[in-house]
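Based on the provided sequences and hints, a complete structural model is requested.
Protein chains: 2
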Amino acid sequence: MARLVMKFGGTSVGSPERIKNVAQKVKREVEAGNQVAVVVSAMSGETNRLVDLCKQIDPVHDQREYDVVVAAGEQVTTGLLSMALQSVGVKARSWQGWQVPIRTDGMHGKARIDSIDGSALIAAMEKGEVSVVAGFQGVGPEDRIATLGRGGSDTSAVALAAALKADRCDIYTDVDGVYTADPRIVKKARKLDRITYEEMLELASLGAKVLQTRSVEMAMNHRVRTQVLSSFADQPGTLVVDEDEIVEKQIVSGVTYSADEAKITLVGVADRPGIAAGIFGPLSDAGINVDMIVQNISEDGKQTDMTFTLGRSDLDRAVALLQKQEKSLGWKRLVPDRNVTKVSVVGVGMRSHAGVAHTMFKALADKGINIQAITTSEIKVSVLIAADYNELAVRTLHTAFGLDAE
Amino acid sequence: MARLVMKFGGTSVGSPERIKNVAQKVKREVEAGNQVAVVVSAMSGETNRLVDLCKQIDPVHDQREYDVVVAAGEQVTTGLLSMALQSVGVKARSWQGWQVPIRTDGMHGKARIDSIDGSALIAAMEKGEVSVVAGFQGVGPEDRIATLGRGGSDTSAVALAAALKADRCDIYTDVDGVYTADPRIVKKARKLDRITYEEMLELASLGAKVLQTRSVEMAMNHRVRTQVLSSFADQPGTLVVDEDEIVEKQIVSGVTYSADEAKITLVGVADRPGIAAGIFGPLSDAGINVDMIVQNISEDGKQTDMTFTLGRSDLDRAVALLQKQEKSLGWKRLVPDRNVTKVSVVGVGMRSHAGVAHTMFKALADKGINIQAITTSEIKVSVLIAADYNELAVRTLHTAFGLDAE
Chain A
1 MARLVMKFGG TSVGSPERIK NVAQKVKREV EAGNQVAVVV SAMSGETNRL
51 VDLCKQIDPV HDQREYDVVV AAGEQVTTGL LSMALQSVGV KARSWQGWQV
101 PIRTDGMHGK ARIDSIDGSA LIAAMEKGEV SVVAGFQGVG PEDRIATLGR
151 GGSDTSAVAL AAALKADRCD IYTDVDGVYT ADPRIVKKAR KLDRITYEEM
201 LELASLGAKV LQTRSVEMAM NHRVRTQVLS SFADQPGTLV VDEDEIVEKQ
251 IVSGVTYSAD EAKITLVGVA DRPGIAAGIF GPLSDAGINV DMIVQNISED
301 GKQTDMTFTL GRSDLDRAVA LLQKQEKSLG WKRLVPDRNV TKVSVVGVGM
351 RSHAGVAHTM FKALADKGIN IQAITTSEIK VSVLIAADYN ELAVRTLHTA
401 FGLDAE
Chain B
1001 MARLVMKFGG TSVGSPERIK NVAQKVKREV EAGNQVAVVV SAMSGETNRL
1051 VDLCKQIDPV HDQREYDVVV AAGEQVTTGL LSMALQSVGV KARSWQGWQV
1101 PIRTDGMHGK ARIDSIDGSA LIAAMEKGEV SVVAGFQGVG PEDRIATLGR
1151 GGSDTSAVAL AAALKADRCD IYTDVDGVYT ADPRIVKKAR KLDRITYEEM
1201 LELASLGAKV LQTRSVEMAM NHRVRTQVLS SFADQPGTLV VDEDEIVEKQ
1251 IVSGVTYSAD EAKITLVGVA DRPGIAAGIF GPLSDAGINV DMIVQNISED
1301 GKQTDMTFTL GRSDLDRAVA LLQKQEKSLG WKRLVPDRNV TKVSVVGVGM
1351 RSHAGVAHTM FKALADKGIN IQAITTSEIK VSVLIAADYN ELAVRTLHTA
1401 FGLDAE
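Chains A and B, in that order, give the protein sequences. Just so you know, we're using this note's numbering here: the first sequence kicks off at 1 and counts up by one. Just so you know, we're using this note's numbering here: the second sequence kicks off at 1001 and counts up by one.
In case anyone wonders, no lab produced these hints; they're calculated from the structure. Some hints could be false.
To be verified - Interface residues of chain B toward chain A, partial, derived using beta-carbon atoms under 10 Å:
#1 P1016
#2 D1067
#3 R1093
#4 R1144
#5 L1329
#6 R1333
#7 D1337
#8 R1338
Just so it is clear, CB atoms sit at the ideal spot from N, CA and C, and this is done for glycine as well.
So this is what it looks like as structure tokens:
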């Protein structure tokens, strides 16, 4: 017997038929002798409908009341799934955030979970009742409804699994696991049986939209064994676990990319102390995150070129901010570039293997792909390249690191 | 300065535009110096949509989970109206049943309000904040969401007005008040400025769908001055008040009808003790309410005819139940009749005026309308007639009791 948290996203509960399908999956786990708590999102489309109603009332609205409106979406799903479970003979009841309770910091619209009192749910599970918990919501300090922000249901599920000391948290979604690369680009991509928290975290923050970054952080911090699997297929997915649980470590576990990048080059910036602060201070104040930074070696000691990357959606704003300070910074040319992509290889095996960067650069050079910038972490190497080469680069690296399926 | 509860039904909050219109009405009361709490229904169509989702999951579903699903409708409206009030400069916040709290007996789907703790709302109103409260819902003994049944938002509003010791409860709806008769039938019907609780209660239970019966009972028991008025027009409606507040009492305040009636006649029933119990016992056991009963005087002391009325939707079931007992009861013929209507005159003035029944019977007789059964209460006379004469009878009585507008 195990204790499980099962989480179903909006697509998985998008219609009464699909909710009945979810009930069957839960029933199977209950009949296998498991204690089960389920976390659900709003039915697909519902959150957008509610957000749109808020915007029609006032485009600039109170986040606390926004939370009241959108939290209704998950509430409806909890009731419907509880009914569906009962009608296939499984004891079940719904729980809203305030009933559990799931306490948050009360930052409405993007709250963080402070604590979950699992005692009532554990008592319910121990008498054989499935607890159907509304994802994405909790209560703030004054017992007002607070939501965790879009995608927060993954975080709800992992946090609940931690509070219930669950043996596993199963995140059912519309993909059947984590792949060595995006299968739409790499035909020979393989589904990973297991991946470490650290690798999953890098993949999540690099743009692989399988799990929300915060939920992976929480899984890592509380050592929650988390499985990503499809709600439309009956097969195991990918298990996100501690490094100890992975016997045969790959040097590189996956190749990923982020196409939402842009680049700015300042040509002929004065090479003097304080210039970097002068460039990046205003961007940071405006909430614009800069990722990679490359400063060329100054040949004459007087001026240099500075290149950095940022989110593509921030590009116009960043250019406008920098142009305001053209005089104080004194560059010759400002060159914005939307035509870039960031390709990364990720793997905990890198820690004990030198030469990953070399293999990567050589493979790309052999295909004539020019590297515009590089960043590394302990378990990741990322390069910025021209967007046109995105698919070619991902496929090339997938082959170079021996990830292709036979 | 007064303390007001304003209640808006589903049609009044049926779209973002209409919610903004409601915000303007509330703003006007606040600017007039009043303390205001607002009770709202779900947006029109929303409750039906949610009920339909429940039915799609399972036609026979858990009432507790049904309550969780449908209560989401009112929750959404509270958030949207709070936003709309804020955006016109009125301080406001939403309150769900569990937050107030509104405690009920936990009879899910048709709960009754046990108590309302008004202290938090009074504190909010005293600092100038409008409380936007979800109608139709409260919590049961175990803090589970319970709903009051369809139309329960009127009851929420009146109960809240009692708990807050409000000076008035304004029920905004799609009609502009209580009329002396249905204006669709009687062109000369007049809107009443005032009506007593007792009269309103008779009208509500006779089928005039202006206010829910239970809300009128509650207004009467707690002496809540309740106004029915239109949310689409800017004019006073009808005030439901204590008899003391009505100076010039009419003998008859209104003429009403109920078209949902049916009649059963048992011809040639044995005239012996216990026969009435034999007929009405099984109907009562099956939850079928019998309204009027007429037993003819037995001519030979051996057999008699028995006529009674019941809700038209119960007719088939009642006939089937009676036919099962044909042998033990031993009638000659069972004659069901759907083609009947009940027309009533209502007025507290009847208490001190004889002759109302006589005036009524004579007026109908003059038009050749045959009376099939009669019931009376202290402030009401009802007659059963053939359905074809419904409109004629209502108009005739409206004129006979001097109610026609000039």
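For this session: Report the numbers of all earlier hints that the structure fails to satisfy, in ascending order.
Result: As far as the earlier hints go, 5, 6, 7 and 8 are violated by this structure, in ascending order.
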